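Please put together the full structure from these sequences, using the hints given.
These protein sequence lines map, in sequence, to chains A and B. Counting along the first sequence from 1, when you hit position 361 you're at 373 in my numbering, and nothing is skipped either side. Counting along the second sequence from 1, when you hit position 148 you're at 160 in my numbering, and nothing is skipped either side.
Each hint should be verified, as a subset may be incorrect.
For chains that are exact copies, the list does not tell them apart, and a pair is met inside one copy or across any two.
Cross-link-like lysine-lysine pairs, in silico, DSSO-like; alpha carbons within 27 Å at most [stated by the list, open to error]:
hint, residue 1, residue 2
1, K367, K347
2, K416, K129
3, K447, K416
4, K53, K347
Just so you know, these hints were derived from the structure itself, not from any lab. Computed from a predicted model, the values in this text were never measured in an experiment.
2 protein chains.
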Amino acid sequence: MSALILVVDDTPANIMLLEAKLTNEYYDVITAIDGFEALKKAREFSPDLILLDVMMPGMDGFETCRKMKEDASISHIPVVMVTALNSVEDRVNGLQAGADDFLTKPIDDAALMARVKSLVRIKALIDELRRRDQTGNEMGVPGQEKNSFTMDVHGSRLLLIDDDIIQSKRILDGMASRFVIEHVSKVDDALKIAQDGAFDCILVSTQLTDVDGLRLSMHMKTKEELRHVPLIIMVDEEERDIMLKGLELGVNDYVSLPVDMNELTARVQTQVRRKKYQDALKSNYQQTISMAITDGLTGLYNRHFLSTHLMNMVKQAQTTGRPMSQVILDVDHFKRVNDTYGHDVGDEVLVKLGKIIVGSIRSADLAARYGGEEFVVLMPETDIIQAADAAERIRIAVEKTPFKVSHAIGELSLTVSVGVSHLRKDGDTPHELHKRADEALYRGKQNGRNQVQLAINEYSNAG
Amino acid sequence: MSALILVVDDTPANIMLLEAKLTNEYYDVITAIDGFEALKKAREFSPDLILLDVMMPGMDGFETCRKMKEDASISHIPVVMVTALNSVEDRVNGLQAGADDFLTKPIDDAALMARVKSLVRIKALIDELRRRDQTGNEMGVPGQEKNSFTMDVHGSRLLLIDDDIIQSKRILDGMASRFVIEHVSKVDDALKIAQDGAFDCILVSTQLTDVDGLRLSMHMKTKEELRHVPLIIMVDEEERDIMLKGLELGVNDYVSLPVDMNELTARVQTQVRRKKYQDALKSNYQQTISMAITDGLTGLYNRHFLSTHLMNMVKQAQTTGRPMSQVILDVDHFKRVNDTYGHDVGDEVLVKLGKIIVGSIRSADLAARYGGEEFVVLMPETDIIQAADAAERIRIAVEKTPFKVSHAIGELSLTVSVGVSHLRKDGDTPHELHKRADEALYRGKQNGRNQVQLAINEYSNAG
Chain A
13 MSALILVVDD TPANIMLLEA KLTNEYYDVI TAIDGFEALK KAREFSPDLI
63 LLDVMMPGMD GFETCRKMKE DASISHIPVV MVTALNSVED RVNGLQAGAD
113 DFLTKPIDDA ALMARVKSLV RIKALIDELR RRDQTGNEMG VPGQEKNSFT
163 MDVHGSRLLL IDDDIIQSKR ILDGMASRFV IEHVSKVDDA LKIAQDGAFD
213 CILVSTQLTD VDGLRLSMHM KTKEELRHVP LIIMVDEEER DIMLKGLELG
263 VNDYVSLPVD MNELTARVQT QVRRKKYQDA LKSNYQQTIS MAITDGLTGL
313 YNRHFLSTHL MNMVKQAQTT GRPMSQVILD VDHFKRVNDT YGHDVGDEVL
363 VKLGKIIVGS IRSADLAARY GGEEFVVLMP ETDIIQAADA AERIRIAVEK
413 TPFKVSHAIG ELSLTVSVGV SHLRKDGDTP HELHKRADEA LYRGKQNGRN
463 QVQLAINEYS NAG
Chain B
13 MSALILVVDD TPANIMLLEA KLTNEYYDVI TAIDGFEALK KAREFSPDLI
63 LLDVMMPGMD GFETCRKMKE DASISHIPVV MVTALNSVED RVNGLQAGAD
113 DFLTKPIDDA ALMARVKSLV RIKALIDELR RRDQTGNEMG VPGQEKNSFT
163 MDVHGSRLLL IDDDIIQSKR ILDGMASRFV IEHVSKVDDA LKIAQDGAFD
213 CILVSTQLTD VDGLRLSMHM KTKEELRHVP LIIMVDEEER DIMLKGLELG
263 VNDYVSLPVD MNELTARVQT QVRRKKYQDA LKSNYQQTIS MAITDGLTGL
313 YNRHFLSTHL MNMVKQAQTT GRPMSQVILD VDHFKRVNDT YGHDVGDEVL
363 VKLGKIIVGS IRSADLAARY GGEEFVVLMP ETDIIQAADA AERIRIAVEK
413 TPFKVSHAIG ELSLTVSVGV SHLRKDGDTP HELHKRADEA LYRGKQNGRN
463 QVQLAINEYS NAG
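Dropping the structure here:
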């Protein structure tokens with residue numbers, strides 16, 4: 013996978029070395045000689061990965077990393093720290109500053125490339141989610157700028173798959189204050205528990221007695237529910253090949269055994285944050301769609317959705333030969349409410365009316381605000397007699413309900429006029445069905461309002 | 013990357029061999045012993061990749077592949093044919109049946125894994141797009157079931173990057189009937205032309221005189237505009253390493269030099285189809301968002317979008333200290349139109365009115381249908397005098413325009429009442445701005461309609 017990589021180091025020879033290695037693997041490389049230039053170039057070029065030297069004069073790697081993570085426009089870019097230090101404390105400091113991983117100088121080529129590939133792949137997925145979020149933003153759908161680094165991870169759900177009792181206990185004890193952690197020692201149950209548990213991160217030991225932990229991990233990743241759950245393998249320090257293979261296959265991170273609890277906590281935190289960030293981007297999409305089909309005021313379906321659904325429902329009724337009916341209702345003298353009390357009160361009335369309608373129909377029925385003060389209910393599996401009954405129920409409910417409004421006005425009394433039509437046997441169309449209900453409604457209005465009218469000739473043509 | 017792979021072969025030994033190789037690389041494997049079982053398992057398990065033997069009794073691999081590609085629920089799953097045959101004709105037959113590539117028996121492990129990884133990666137991207145499309149479908153946003161195999165590729169745009177004049181001419185001649193093909197022989201221009209050209213597929217020779225074709229390909233893939241454009245490299249038959257490296261890096265396909273035109277056509281077709289399929293999934297998303305912010309009847313922005321935008325515009329005006337104004341207009345006696353002529357005519361009037369409004373304002377202004385027969389225009393960088401002028405222009409335009417409607421009615425004369433407010437200097441809010449315009453509108457109504465009213469005290473508080 014192609015990528016643009018920013019290499020940051022104050023020693024030109026180090027930059028040249030890394031640049032040569034990365035270019036040899038067909039990556040595009042840009043460089044910076046200190047933290048300030050690094051921040052500038054990260055913002056300007058939005059690279060896919062940053063390799064960041066720790067020991068630099070002026071602003072060191074930790075501080076540079078922290079500043080990158082504070083900036084929501086670049087906080088999603090993975091950072092790998094390159095350092096001559098290799099104490100657990102340094103690693104934890106770096107992870108807490110927001111780094112994704114460490115590479116120790118002198119750099120091992122296999123480890124470098126495994127990490128680069130793995131992070132570039134993760135970055136590509138995030139980019140895809142960000143792009144679609146941005147599409148929404150550009151078209152004006154509100155999306156809050158999210159910072160991947162500041163997502164709250166407290167109380168996130170972890171699954172630990174490990175049959176080493178002592179080690180498991182240590183991990184459970186060490187993580188319990190920040191995370192809700194569940195433990196599976198019987199590997200046979202692991203997959204099902206993982207699939208059912210809505211976890212934010214899964215830890216798998218590669219030292220399981222009966223099973224290859226890496227294979228179990230990969231098997232989990234083929235499942236739809238687990239595809240986007242970050243997976244961390246716990247690997248014996250000697251098992252470098254398993255670690256490299258894991259990264260190649262799509263494991264998100266690893267930690268060496270015996271586990272240092274601070275390091276594990278920091279790594280889990282990084283993974284959970286990224287998942288939360290991705291979840292947030294995805295839920296924006298769900299909201300966008302929900303907005304597209306919902307009437308903003310009443311929460312009922314909107315006219316657009318109604319039209320689509322009406323077509324489908326008519327098609328289905330015609331295929332199965334089952335009845336269906338449509339009800340249209342309109343608030344009597346609604347204009348007076350708006351003109352007398354203002355739109356705010358009018359809106360309150362509509363919201364309340366929406367609730368009355370929804371409370372009077374079955375769950376299979378579909379209620380929509382058709383526009384203004386007009387509502388439509390589609391009723392599958394319903395003949396005109398049943399539909400007329402339902403319409404009358406709604407009419408009475410409205411008549412009997414005092415509409416409490418927030419202004420000093422107190423309560424309003426309102427009525428509705430209702431038209432009902434039902435699908436005819438031969439060659440009927442959604443448009444005709446709607447039109448007949450609308451005409452019936454109009455007759456109700458002409459005839460004195462506060463009444464239910466059935467579409468003319470509905471019986472004689474009902475077949 | 014983890015994946016579920018379906019291996020289809022009528023010879024158990026072949027299945028076992030492939031299964032062992034794939035399992036060794038941590039893939040999940042399911043198997044089928046003939047075309048019928050293959051179709052059944054493909055539908056049931058929706059694997060990420062299918063390795064399909066060509067020579068099978070009953071239904072051979074070509075036919076099985078064709079049947080898979082006819083089924084929209086599985087047509088997006090990549091198929092690699094495994095065959096003892098290796099004539100160009102067989103390859104073309106397979107490609108035309110919908111296969112993505114060929115592996116020749118005895119299977120070369122490196123070639124197998126390179127192809128598997130490459131296709132699994134492509135499949136993961138498609139899955140992501142399909143999932144988000146499905147989210148829309150589940151929430152009722154209409155999306156047509158698309159078959160990736162039957163996307164129309166005629167007239168698609170190709171870019172050929174090759175400085176071999178004779179070879180280029182052959183390719184141009186051979187492809188011109190099906191595709192619009194552009195040729196670049198000067199490599200320096202290639203990137204810019206590729207970025208500007210909105211191509212559906214790019215062919216790059218790895219035999220360029222001055223440049224490493226694979227590096228150029230990877231460099232193109234780092235560009236936003238080219239990330240999702242399929243890239244086919246043309247590789248000398250001897251350069252197996254370049255081909256494998258290309259697949260590893262994310263090149264979509266390759267073809268051996270000297271190019272067989274039928275094979276190249278078939279491979280280009282496969283890539284372009286996949287791109288068109290991805291484009292279709294993406295444009296569904298754009299439509300969904302567009303629906304979410306647009307008033308279905310008039311095509312103006314809807315109330316929800318207006319609210320969001322109003323907040324942003326107020327914030328910006330307050331930050332910059334620049335003026336902004338809001339106009340609200342409402343059709344006079346609109347209820348009469350609906351009651352007398354029906355909603356269809358009412359709707360026609362609203363559509364026409366929307367056009368008059370949009371035709372009377374600047375492109376920086378934002379017009380929205382606020383609800384019913386009420387419209388709002390937000391005007392950035394506009395003080396109340398300018399806004400009042402614009403409001404008066406709209407009022408006059410409406411007064412002078414005969415509203416032609418499709419019924420036998422002919423033409424209607426209509427007027428609008430308009431309220432105008434503008435953002436005050438200190439502590440003003442979107443809500444207050446809107447309310448003042450609304451109150452001014454109400455005064456206009458009380459005062460005899462067909463007039464523009466400015467919000468009271470607007471001057472004295474304007475600061």
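Here is what the structure says about each hint:
In this assembly of identical chains, K367 and K347 lie within 27 Å of each other by CA distance both inside one copy and across copies; the values are 20 Å within and 25 Å between. Taking the shortest alpha-carbon separations for K416 and K129, neither the intra-copy value of 62 Å nor the inter-copy value of 64 Å comes in at or below 27 Å. Proximity of K447 and K416 under a CA criterion of 27 Å is satisfied inter-copy only: 22 Å between copies versus 33 Å inside one chain copy. For the homomeric pair K53 and K347, neither the shortest alpha-carbon distance inside one copy (59 Å) nor that between copies (60 Å) is at most 27 Å.
Violation of the numbered hints given earlier is confined to hints 2 and 4; the remaining hints are satisfied by the structure.
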